[in-house]
Amino acid sequence: MNGSDAGVPYTAFAQLLESQTLDAEAAARFRAIMVREGADETTLLQLGGQAPARWFREVYPNLDADQATHLGHAFADQAQLTSFGPLSLPLISAGSVAEVMELLTYLPLITTAVSTRFHPNDDGLAVGLTGQTGDPDLDCLVVTYCGSALLRLIRMLAGDVSTVRLHTSWPAPASTTQHEDALGRHLVFNAPMTFLYVPTEVLNEVCRFSDPVAYRHAIADLSKSLEHRIGPASYATKVRLSIEEGPGLKTCQSVANELSISTSTLKRRLLNEGTTFREILESSLLERASLKLLDRSLSVSEIAVELGFSDLTNFSHAFKRWTGQSPSHFRQECLRW
1 MNGSDAGVPY
11 TAFAQLLESQ
21 TLDAEAAARF
31 RAIMVREGAD
41 ETTLLQLGGQ
51 APARWFREVY
61 PNLDADQATH
71 LGHAFADQAQ
81 LTSFGPLSLP
91 LISAGSVAEV
101 MELLTYLPLI
111 TTAVSTRFHP
121 NDDGLAVGLT
131 GQTGDPDLDC
141 LVVTYCGSAL
151 LRLIRMLAGD
161 VSTVRLHTSW
171 PAPASTTQHE
181 DALGRHLVFN
191 APMTFLYVPT
201 EVLNEVCRFS
211 DPVAYRHAIA
221 DLSKSLEHRI
231 GPASYATKVR
241 LSIEEGPGLK
251 TCQSVANELS
261 ISTSTLKRRL
271 LNEGTTFREI
281 LESSLLERAS
291 LKLLDRSLSV
301 SEIAVELGFS
311 DLTNFSHAFK
321 RWTGQSPSHF
331 RQECLRW
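Position one of the sequence shown corresponds to residue 1 (full-length UniProt numbering), numbered consecutively onward.
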């Protein structure tokens, strides 16, 4: 078993194996894989407490987006406050939903299968969720699990999640399960990107088991662990951070200059990481545009200027090319929820 495999929290995986969510055949296949790879509890904990996401592809060889969505919601229905290793204590002791969301900063300590990005605005907080498994359907599974588990945890800790929405970039499944029916209006499909949106009034909700001292000490420990765990940033990460700093649209040349390397070297290193400057630029612009459109205090023209477009027309054309709809239509559709 490779310790660099994108994985899911082992404690959450172990609880899933013991639950009634998996049918007997699927549970037996998972256990057979664990035996084959020598993946007992001690081994998994030594690898950072993660069960490789690729196991789910082996157990569900015909996995597609529909089944991944169903499984993600069903698995999240088993999520408990004790499922997430070093994040469990601060989860329980968090004083507000805002502090619960802050803990997503430390997600790399328990899973490499999902990454998060934070986009606060005057009305609330949007957290972008991106799968890192290298398999689009597995990404759908782990991201659906992560978003739905967050909904469940907020409900357990604070009660009111009536206005929280999980937006996903894939279509609604052809049929729904009891889990999707229960989530109801919390799910929005066919969004330009996948993110969880938490309005300000929910962020300010007080959690049931607030313990400021325990939370403060837990955060200090998590910060030290994260600093120790994270290695050098990839060039894709460096490029994205550069693109998102300051006004205006940056070019490959300008970013290469910031990184003190030639343009050809930057292109080659990004290619070795499986991406290109254009892909990172457009992904960043789409994500920022989509989330800014949720902010009622900004006009579409102001958003175009903030993102570095020369005028509203160019921004509208780009957004429609990315999503198939105009910025104004996207805003209307999202805000009507």
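Everything labelled a hint here was simulated from the structure, so no lab data went into it. Check the hints yourself; a few may be wrong.
Derived SDA-like pairs (lysine to any residue); straight-line CA-CA distance at most 20 Å [stated by the list, open to error]: (1) Lys320 to Glu227; (2) Lys238 to Glu258; (3) Lys320 to Arg269; (4) Lys250 to Ser262; (5) Lys250 to Lys224; (6) Lys238 to Ile219; (7) Lys224 to Gly85; (8) Lys238 to Gly85; (9) Lys250 to Ser162; (10) Lys320 to Glu205; (11) Lys267 to Arg288; (12) Lys250 to Leu285; (13) Lys250 to Thr263.
* Given hint Lys224 paired with Lys250 - CA-CA distance at most 20 Å -> Between Lys250 and Lys224 the Cα gap is close to 33 Å, so the pair fails against 20 Å, i.e. violated.
* **Satisfaction of hint between Arg288 and Lys267, Cα-Cα up to 20 Å** => It is violated: about 23 Å lies between the C-alpha atoms, which goes past 20 Å.
* Does Glu258 lie within 20 Å of Lys238 when you go C-alpha to C-alpha? -> Judged against 20 Å, a Cα distance of about 10 Å means the pair holds.
* Asked: Taken at face value, is the distance from the CA of Gly85 to the CA of Lys238 at most 20 Å?
  -> violated (29 Å)
* Asked: Holds or violated: are the alpha carbons of Lys250 and Ser162 at most 20 Å from each other?
  -> It is violated: about 39 Å lies between the C-alpha atoms, which goes past 20 Å.
* Asked: Between Lys320 and Arg269, does the CA-CA distance stay at or below 20 Å?
  -> violated (30 Å)
* Given the hint that Lys250 pairs with Thr263, test it: the Cα-Cα distance must not exceed 20 Å. => holds (13 Å)
* Between Lys224 and Gly85, does the CA-CA distance stay at or below 20 Å? -> Status holds; Cα separation ~15 Å.
* When you check the alpha-carbon spacing of Lys320 and Glu227, does it fall within 20 Å? -> Measuring from Cα to Cα gives roughly 40 Å; hence the hint is violated.
* Holds or violated: Lys238 with Ile219, Cα cutoff 20 Å? -> violated (26 Å)
* Asked: Between Lys250 and Leu285, does the CA-CA distance stay at or below 20 Å?
  -> holds (11 Å)
* Asked: Holds or violated: are the alpha carbons of Lys320 and Glu205 at most 20 Å from each other?
  -> Cα-Cα ~36 Å, so violated.
Checked against the numbered hints given earlier, the structure breaks hints 1, 3, 5, 6, 8, 9, 10 and 11 and satisfies all the rest.
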